[in-house]
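The lines below spell out each chain.
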Amino acid sequence: MFYRESGVFKTSYAADTALMPLPSTRVGAALAGLLFLGVLPLVFGEYGLSVCNLILIAVVGAIGLNILVGYTDQVSIGHGAFMSVGAYTAANLIVRLDAPFWLAIPAGGCMAAFIGTLVGIPSLRIKGLYLAIATLAAQLIIEWTINHVPAISGGVQSTIQVSPPSIFGQALTQPWQIYFFLMFFVIIAFVATQNLIRSRIGRAFIAIRDQDIAAEIIGINIARYKLYAFAISSFYAGVTGVLYTYYLGIANYEQFQLTVSIDFLAMIIIGGLGSPLGPVFGAIFVTLLPILVRRFLETFGGYFLDYSDLAAIIPSLRLAIFGALIIFFLVVEPEGLNRLWRKVRAYFRTWPFSY
Amino acid sequence: MRMTRRTLAALAFTGSAVAALWGAPNAAAQQKEILVGAQCDRTGPTQITGTVFCPAVQDYVNLINSKGGIGGYKIRIDEIDNNYQVPAAIEAYERHKQMGMVSHIIWGTPQALALNPRLTQDKIAGTSPGFGSAAAANGTKYPYLFPAAATYWSQGGAAIDFIKRKLGGDLKGKKIAYLYYDNPAGTEPLPVINDIQSLEGFEFRTFAVPPPGVEMGAQILDITQRFRPDFVIAHLFGRSPALAMRDLKRSGFPLRKVLGLVWASSEADISAAGGMAAVEGYSTMQFTGVGPDYPVLNEIRAMYQKEGKPVPATMGTTVYYNRGILDAALHIEAIRLALVANGGKPPTGEQVKNGFEHIKDFTLGGLLPPLEITPQDHEGGGWVKVFQVKGGKFVADGDWFRGYRELVLRHVNGAGS
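Protein chains in written order, with this note's numbering: chain A, 111 to 465; chain B, 644 to 1060.
In silico DMTMM-like cross-links for lysine to aspartate or glutamate, where the CA-CA straight-line distance does not exceed 25 Å:
#1 B:K717 x A:D419
#2 B:K675 x A:E408
#3 B:K740 x A:D416
#4 B:K766 x A:E156
#5 B:K740 x A:D419
#6 B:K949 x A:D419
#7 B:K809 x B:D1042
#8 B:K952 x A:E408
#9 B:K675 x A:D419
#10 B:K710 x A:D416
#11 B:K675 x A:D416
#12 B:K717 x A:E408
Source of the hints: derived by calculation from the structure; they are not laboratory data.
Chain A extracted, bound-state conformation (with noise of 0.2 Å):
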């Protein structure tokens, strides 16, 4: 804006391993901070903080999921598995031992963690498309299992309702509530990842992702290090299934099938794999497009149709339109929506001078 970079100069080794180095990045991690958790939740109201929900779940899945594919390069087609495996950990947890969120939540994200390790193994082996598949095979294998064992998932329904999360004996009811708790779990597992990309683990998780066996060269043991990424990515995922079950009271393993892994996939290639803002900005944008492409139908499609056939061709509509939009952001922008937004930085930091 209207100053410049090159008065910054780094004097201290803590300035120089800063989380945010540049002094915009500050004041812009405190504009959104101020936008977050101070006027978005005055200014929407119950629906609009209902929808803000949905997209602060997605985020925490997505920032997971871009752990494991954006820099591991590790392909996981089954975290909706791994999701539901956290919230049935959590499930039961809330309803036989009577545990509060902060047990519940830890603990469905390492029992998560735990499956998703295991379902890791086979990338030790396999890349790629393989490992696609062998991943597809968790995501099945765990559906069944919490299906047929009653002792996960409570019998005939497969469905445990659980009573929403509660701070200091305050059950979290309202939407407002419930967006601060989320915004928490969503702020801690942003700041998190930021740290983690930044360690010795995280440049190990680059290293393979660039080229695993000049990483292999260079010392990096390859195998521990994928574990890790599906133990943590997972971790997220369990999180995430926590999240949701706390959200809509139940946990139901019908939720949480192969397309949801799909749609966290989506999420991150159209945000821009291995980027920070990547994933949020592909849960916004996957979550948020839909609901847009049916308020423009609806609002716009009443000058033509009657009410009974305009919801007839609307569904269908909606996908297309969304299906299409999705294609043109990829097209225009095949790094993301986060190449996007870096654009829009790069072009602001120098503006006025821009020459």
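Given chain A, put chain B in place with the hints provided.
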């Protein structure tokens, strides 16, 4: 550089369009209108039902409005497609709540379970006819959820009762096969049937068809060659009912010894299996009347003719069409009762819920069962009727009936405790 500026312009445009859409006023704000929120699935895995069910809902509302509405109010049923996904269902529910709905048409079993806590909290009644949890028949434990039609437990009880009558009144030593779609809904009738089995002493075996249910050769062989049952209950969904009819027939099993539960029973399934002639004798369980000969359907056809439009093809799939009529009619009847109780003023969600709990003697000329919804019984009695494919159409096999009602009620009252 220029690229960036254009990108910026495009982004700014998108942003403002989003903001404008978000703030766009909705048409529900008109006076003298009562809003019902409806979910539907015209594009997802259950589209075979949704593409017929949801137009029926709109047709019935148009019919009511063309006759002047209810108590001076127009009814509007706003439909949002949930694609059979739970997050989309939550979004649709919250949107309808914001628009001010008084009751909610739910679509899908996991969606019904996920919405139940919200319905209770917001005091908005929701209906899940033929799906959702059978335990929701218990109005004291699920105060705002109305199955409003025979649940899977009632269907299981009725199925055995029907088979008992067909096999001469005694099931001792008889063999019954249960061919089911391997998901929670598929296994739900089992506790009831197992209890009846220990009562009646028949041999009972289950045959699971794994999702997506497009292959069941092994199960059919097992049933027809090894188990050789006296009767088969088919509790299947989606594409699998047609496959079951076709494979059973191909292996020489007489279809008159097969009873399909409510989601294995539509014209669409039968035409996918080769048409009415190919499945002669197949029995189907229904919670609404089947066929085109009901006064309300004649009125809808007359409405289309008066508007000079052709009668839509969806009316040909009478099984799902008539179920759509049932769902819409129950909501509108509940609203009518709530309006009466409220002295003609627009009712709240809670008053409409009370309206639901007073629905009685409301059959639309035999299209609906003789249901009676009470604060305790949100199922309305659990009535079903069996229709058999005979001579190219559905023929009623007996009247509305229930089976092992006390035993089913024992499960309903024990559920969730």
